[in-house]
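Chemist: Take the sequences, apply the hints, and build the full model.
Number of protein chains: 2
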Amino acid sequence: MPQVELLKYLETLKPTSPALTTDRPSVGIGLDSCVIPTRHAGISLVETTDFFYPLINDPYMMGKIACANVLSDLYAMGVVHCDNMLLLLGIARDMSSVERSVVVPMLLEGFRDLAAEAGVTINGGQTVQNPWMIVGGVATSVCHDNEIIIPDKALPGDVLVLTKPLGTQPAVNLHQWMTMKTASWELASTLVNEELVLKAYQDATISMSTLNQQAARLMHKHGAKCATDVTGFGLLGHSKNLAESQVANVDFNIHTLPVLAGLDKVCRELIERGGRNFKLLDGLASETSGGLLVCLPVSSAQAYIDDMIEGGGKAWLVGDVVEGSKTSSIAADPKIIEVTY
Amino acid sequence: MPQVELLKYLETLKPTSPALTTDRPSVGIGLDSCVIPTRHAGISLVETTDFFYPLINDPYMMGKIACANVLSDLYAMGVVHCDNMLLLLGIARDMSSVERSVVVPMLLEGFRDLAAEAGVTINGGQTVQNPWMIVGGVATSVCHDNEIIIPDKALPGDVLVLTKPLGTQPAVNLHQWMTMKTASWELASTLVNEELVLKAYQDATISMSTLNQQAARLMHKHGAKCATDVTGFGLLGHSKNLAESQVANVDFNIHTLPVLAGLDKVCRELIERGGRNFKLLDGLASETSGGLLVCLPVSSAQAYIDDMIEGGGKAWLVGDVVEGSKTSSIAADPKIIEVTY
Numbered sequence: 009m010p011q012v013e014l015l016k017y018l019e020t021l022k023p024t025s026p027a028l029t030t031d032r033p034s035v036g037i038g039l040d041s042c043v044i045p046t047r048h049a050g051i052s053l054v055e056t057t058d059f060f061y062p063l064i065n066d067p068y069m070m071g072k073i074a075c076a077n078v079l080s081d082l083y084a085m086g087v088v089h090c091d092n093m094l095l096l097l098g099i100a101r102d103m104s105s106v107e108r109s110v111v112v113p114m115l116l117e118g119f120r121d122l123a124a125e126a127g128v129t130i131n132g133g134q135t136v137q138n139p140w141m142i143v144g145g146v147a148t149s150v151c152h153d154n155e156i157i158i159p160d161k162a163l164p165g166d167v168l169v170l171t172k173p174l175g176t177q178p179a180v181n182l183h184q185w186m187t188m189k190t191a192s193w194e195l196a197s198t199l200v201n202e203e204l205v206l207k208a209y210q211d212a213t214i215s216m217s218t219l220n221q222q223a224a225r226l227m228h229k230h231g232a233k234c235a236t237d238v239t240g241f242g243l244l245g246h247s248k249n250l251a252e253s254q255v256a257n258v259d260f261n262i263h264t265l266p267v268l269a270g271l272d273k274v275c276r277e278l279i280e281r282g283g284r285n286f287k288l289l290d291g292l293a294s295e296t297s298g299g300l301l302v303c304l305p306v307s308s309a310q311a312y313i314d315d316m317i318e319g320g321g322k323a324w325l326v327g328d329v330v331e332g333s334k335t336s337s338i339a340a341d342p343k344i345i346e347v348t349y
Numbered sequence: 009m010p011q012v013e014l015l016k017y018l019e020t021l022k023p024t025s026p027a028l029t030t031d032r033p034s035v036g037i038g039l040d041s042c043v044i045p046t047r048h049a050g051i052s053l054v055e056t057t058d059f060f061y062p063l064i065n066d067p068y069m070m071g072k073i074a075c076a077n078v079l080s081d082l083y084a085m086g087v088v089h090c091d092n093m094l095l096l097l098g099i100a101r102d103m104s105s106v107e108r109s110v111v112v113p114m115l116l117e118g119f120r121d122l123a124a125e126a127g128v129t130i131n132g133g134q135t136v137q138n139p140w141m142i143v144g145g146v147a148t149s150v151c152h153d154n155e156i157i158i159p160d161k162a163l164p165g166d167v168l169v170l171t172k173p174l175g176t177q178p179a180v181n182l183h184q185w186m187t188m189k190t191a192s193w194e195l196a197s198t199l200v201n202e203e204l205v206l207k208a209y210q211d212a213t214i215s216m217s218t219l220n221q222q223a224a225r226l227m228h229k230h231g232a233k234c235a236t237d238v239t240g241f242g243l244l245g246h247s248k249n250l251a252e253s254q255v256a257n258v259d260f261n262i263h264t265l266p267v268l269a270g271l272d273k274v275c276r277e278l279i280e281r282g283g284r285n286f287k288l289l290d291g292l293a294s295e296t297s298g299g300l301l302v303c304l305p306v307s308s309a310q311a312y313i314d315d316m317i318e319g320g321g322k323a324w325l326v327g328d329v330v331e332g333s334k335t336s337s338i339a340a341d342p343k344i345i346e347v348t349y
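Respectively, the protein sequence lines represent chains Y and V.
All you need for our numbering is the position in the first sequence, starting with 1, plus 8.
All you need for our numbering is the position in the second sequence, starting with 1, plus 8.
These are calculated hints, taken from the structure and not from any lab test.
Wrong hints could be hidden among the right ones.
Since the list can't tell identical chains apart, any single copy or any two copies may satisfy a pair.
Claimed, not checked - For lysine to aspartate or glutamate, the following EDC-like pairs were computed, each having C-alpha atoms within a straight-line distance of at most 16 Å:
| id | residue 1 | residue 2 |
| --- | --- | --- |
| 1 | 343 | 290 |
| 2 | 248 | 117 |
| 3 | 334 | 290 |
| 4 | 22 | 121 |
| 5 | 16 | 107 |
Modeler: So this is what it looks like as structure tokens:
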């Protein structure tokens, strides 16, 4: 559905009653998580929900990805501690009971294991039968206001760091074309070999199932100004959203794109040969459970990157914050960094 | 899906790490809401999620019902104040953009209006396209422990009160059979007239879209011992769940069934004539956004009922708490109360 149409509908949700609109400095629809001041002084409720359809074949890894993806919205606000996770599950109604008995426990184990890695337990949820599998969750934190980095503090001179490579959508789609021998694979198979597709798919799976928790923790250590996580609208879409939410009149100029190795070349050639345009190099390829795009003072960005790498993670300097009009763009000829795991 | 199968899967979600299992007196999977102690003394997080598929034709009323249904799980724990609502939405992918532009705003308006009635704003959520429409939400409260009535305090001698009539499923299904002239309507139309079906459907819509907030508020005033809300497993299913969660060895004996007027007779005759068995009089008909089943001291039950009625609601004495083995049953020949709105 067009994003514009969706946002128009969501306008409907705004309260019409003055009693509910006044005096609430809360952060809501449009950002990664909502932040609601509670009745308890200094304590806010931060929460987020996300659910989607499986995009890889391995149910265990898919459970991990769904969990990482939900938690990522908390981490984007600098919130490291999650108090509770609810599970949202739709079980495909054309699965046999034998299929369910294999797939569902694997999915839940993956979800549970990644939640445990994040220090969270799952204490409820909802399960339905649906034509398609659905997996997702709700992540909630009750935190002191100083645990939250409200994403509005970027200033000219700051820089942008990204903590996971781009390209999860082409990686997943190419792998699907290849394994299902679809019509799209006829062209793609002339541009890329099977090893590269498999490697990109495996690396995408690792990347998508990695928590952004360390990235969030280091935001506090290094004085991050704001952050967002890169998901469905792509790097540029989320960068634009983040730019719009700033207090200062800034632009986010992206000069570097870290991508899963080889996908930049395949994506460029697919376009040239009339194949699918993933818009990867436009920063508009959808990402699933992508990295955090973090705005940092220039003086601490390298230390943030070093700490991420020392902790086993990844991070790259990808852009600059300059005076502007609260938007974002990608350089005409961005530097490409080829990433493997 | 069989409840037994579902519960087995959900066992998977229990943490395997000792660090996450010890020292958490939290209430979780299986009850209406989970209750999670936070890092802040005396403050707990109570939350619940529910989503399902539309079951009536009017999108505005359907939005109200979905919202009432989500909040009801908080109310069942005595929690009157909700801090935040997230919306879960799946938009049927075979709707045209014109259909979407009519249906989706109506659905959201209904959801928003009932949230406003409950004093809650909607500050986030997730929207996907799906083969079927999905509507639901997440309700979260950050409350002092004394705002929560942990549902484990029933004692022999207490009584049970129900705050909405039963029969939403037969009301909705009969109306669907009638308006779509399905095969099931051939038999049903010989047992019931169209006015009765329409009235039951309209009354079910009113009932399902009514908040249980007043019922929750009065639980505190009248010293309620525990409660649950009556939804998918029917009155008896939820009564059994509630009995199982008690500390004392009690049984919940149900002697009275308030039902939407006329549905008891239709449901009985459908069974006799080989039609569908809704299990209404067995207390096993699924309910949507049903009432609270509240356990009260015998001394305050009538005052609770009187206060409910004075506030424009409904309530009936439906059962007794006796010594037993933590289960529930319905009398062989229960008293039927015919309910209209």
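Chemist: Next step is simple, just say for each hint if it's right about the structure.
Modeler: Verification of the supplied hints:
no.: 1; hint: 343 - 290; result: within (12 Å within a copy, 69 Å between copies)
no.: 2; hint: 248 - 117; result: neither (36 Å within a copy, 29 Å between copies)
no.: 3; hint: 334 - 290; result: neither (18 Å within a copy, 62 Å between copies)
no.: 4; hint: 22 - 121; result: between (37 Å within a copy, 10 Å between copies)
no.: 5; hint: 16 - 107; result: between (40 Å within a copy, 15 Å between copies)
Violated hints, in rising order: 2, 3; the structure is consistent with all others.
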